[in-house]
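> Following the hints, put chain B with the ligands in place on chain A, whose structure we already have.
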Amino acid sequence: MPEQNSNKNEWPLWEVFIRSKAGLDHKHAGSLHAIDANMAIENARDVYTRRMEGVSIWVVESKYIHASDPDSSGALFDPANDKIYRHPTFYDLPDELTHM
Amino acid sequence: MTVRDFQEAFDEKIDKEIAIEPRDWMPDNYRKTLIRQISQHAHSEIVGMLPEGNWITRAPSLRRKAVLLAKVQDEAGHGLYLYSAAETLGISRDEMYDQLHSGKAKYSSIFNYPTTTWADMGAIGWLVDGAAIMNQVALCRTSYGPYARAMVRICKEESFHQRQGFEILLQMSKGTEIQRRMVQDAIDRWWWPSLMMFGPSDDNSPNTAQSMRWRVKRFTNDELRQRFVDVTVEQCKILGMTLPDPELKWNEEKGHYDFGAINWEEFWNVVNGNGPCNKERLEARAKAWENGKWVRDAAFAYSEKRKERSGSKDSKAA
Ligand SMILES: [Fe+2]
Ligand SMILES: [Fe+2]
Numbered sequence: 001m002p003e004q005n006s007n008k009n010e011w012p013l014w015e016v017f018i019r020s021k022a023g024l025d026h027k028h029a030g031s032l033h034a035i036d037a038n039m040a041i042e043n044a045r046d047v048y049t050r051r052m053e054g055v056s057i058w059v060v061e062s063k064y065i066h067a068s069d070p071d072s073s074g075a076l077f078d079p080a081n082d083k084i085y086r087h088p089t090f091y092d093l094p095d096e097l098t099h100m
Numbered sequence: 001m002t003v004r005d006f007q008e009a010f011d012e013k014i015d016k017e018i019a020i021e022p023r024d025w026m027p028d029n030y031r032k033t034l035i036r037q038i039s040q041h042a043h044s045e046i047v048g049m050l051p052e053g054n055w056i057t058r059a060p061s062l063r064r065k066a067v068l069l070a071k072v073q074d075e076a077g078h079g080l081y082l083y084s085a086a087e088t089l090g091i092s093r094d095e096m097y098d099q100l101h102s103g104k105a106k107y108s109s110i111f112n113y114p115t116t117t118w119a120d121m122g123a124i125g126w127l128v129d130g131a132a133i134m135n136q137v138a139l140c141r142t143s144y145g146p147y148a149r150a151m152v153r154i155c156k157e158e159s160f161h162q163r164q165g166f167e168i169l170l171q172m173s174k175g176t177e178i179q180r181r182m183v184q185d186a187i188d189r190w191w192w193p194s195l196m197m198f199g200p201s202d203d204n205s206p207n208t209a210q211s212m213r214w215r216v217k218r219f220t221n222d223e224l225r226q227r228f229v230d231v232t233v234e235q236c237k238i239l240g241m242t243l244p245d246p247e248l249k250w251n252e253e254k255g256h257y258d259f260g261a262i263n264w265e266e267f268w269n270v271v272n273g274n275g276p277c278n279k280e281r282l283e284a285r286a287k288a289w290e291n292g293k294w295v296r297d298a299a300f301a302y303s304e305k306r307k308e309r310s311g312s313k314d315s316k317a318a
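Protein sequences, first through last, are from chains A and B.
Positions 1 to 100 (the working numbering) are the ones given, in order, by the first sequence.
Positions 1 to 318 (the working numbering) are the ones given, in order, by the second sequence.
In isolation and in its complexed conformation, chain A is listed as follows:
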């Protein structure tokens, strides 16, 4: 997340997550400024759901989001790289075998 500018007169920054329809995950839509959670939700409705893009909104103050470090993403995700046996295509099985 961006480093918050400690601009005293500025309303805090919030990240907005929207569920586009029941059954789907909330997805990051963008951010906005609001003085509190209620205002953030109302503003999110006006800014991000003018065309029925959502049935549910989550907001969280940006400063509470912790993110992995992009510069060490190589090392962080490396352990997943060499374990191709986690994928179904790794297994060599006869063509006659069905429903699997």
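Simulated from the structure, these hints should not be mistaken for laboratory data.
Each residue gets a CB set at the ideal place from its N, CA and C atoms; glycine is no exception.
Wrong hints could be hidden among the right ones.
Covered stretches of chain B, going by a simulated chain A footprint (3 or more residues, C-beta under 8 Å) [to be verified]:
hint, region
1, 19-32
2, 57-68
3, 92-105
4, 239-248
Chain B with the ligands alone, transformed into the frame defined by chain A:
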């Protein structure tokens, strides 16, 4: 890693069309260029509400009024998406507002022209939003992630803007002689400024090469302008109107329309603050910001008070 390693990794990502995200390393000038471009773009959306806002109370029917309101509200949304995209690069919202209100930051010159008749609402939707769309569709693949995502969202919303504008003109063009004259007059006034929206010609645009290298820009100003001319000439035929350029002619060899020279002197004049409405627009914008100050202050005071109260409750509980 040294700066050179970072630079190499960055160049490689650009070449492979891998998006740059806020916390990734990026060259200072890339960051600066983006802050300038995205904030200017945001300012344009915000100031762009003013010429159309001028007609909301005088829209000729309830339908037109609802549509115009929705369009202007969309433009506010576009400004907000873009401001938050720019903020991911480390500039604050207030800093950007300050640059706009002090006249330090630019916004699209097109909004410094007056909207004198209802037909202007049609011409703006058709030509001004049309030119903006041409530019914005290309930017959906810009290299900076948050900017590209904002553009995708904006493009989805823009298409109705252009269609409602064309519909206004189409309806008026089937109306009385006076209405047809209003349409032609609006087209005559908005055509050239719309072509100027794509910016200076390529040989006068020193930053284009770098922006293309960074894939911030995907097409040059002249390429996009040509594309706009080609599609718009055809659309104009449906209106049965003419574009105010005697040199407009299909060029079989090039497969494009030739068009006359743009008045760059006028362009630079308006950019530098001497357009018909520069002063009025900035004043209206600054006034809205100042008049809203008590609301911002009150909201602040309210939240401080609530924090204090919940703070004292917590300490009692503990
Ligand atoms: Fe817009
Ligand atoms: Fe628009």
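> Hints first: check each against the structure and report whether it holds.
Okay, the hints, checked on the actual structure:
Counting residues of the region 19-32 of chain B whose beta carbon lies closer than 8 Å to any beta carbon of chain A gives 5, which reaches the threshold of three, so the coverage claim holds. Closer than 8 Å: that is the beta-carbon criterion, and the region 57-68 of chain B has 0 residues meeting it against chain A, so the requirement of 3 is violated. Note: the region 92-105 of chain B has 4 residues with beta-carbon separation from chain A under 8 Å; the three-residue rule is met and the coverage holds. With 0 residues bearing a CB less than 8 Å from a CB of chain A, the region 239-248 of chain B misses the requirement of three and the coverage assertion fails.
This entry does not satisfy hints 2 and 4, going by the numbered hints stated previously.
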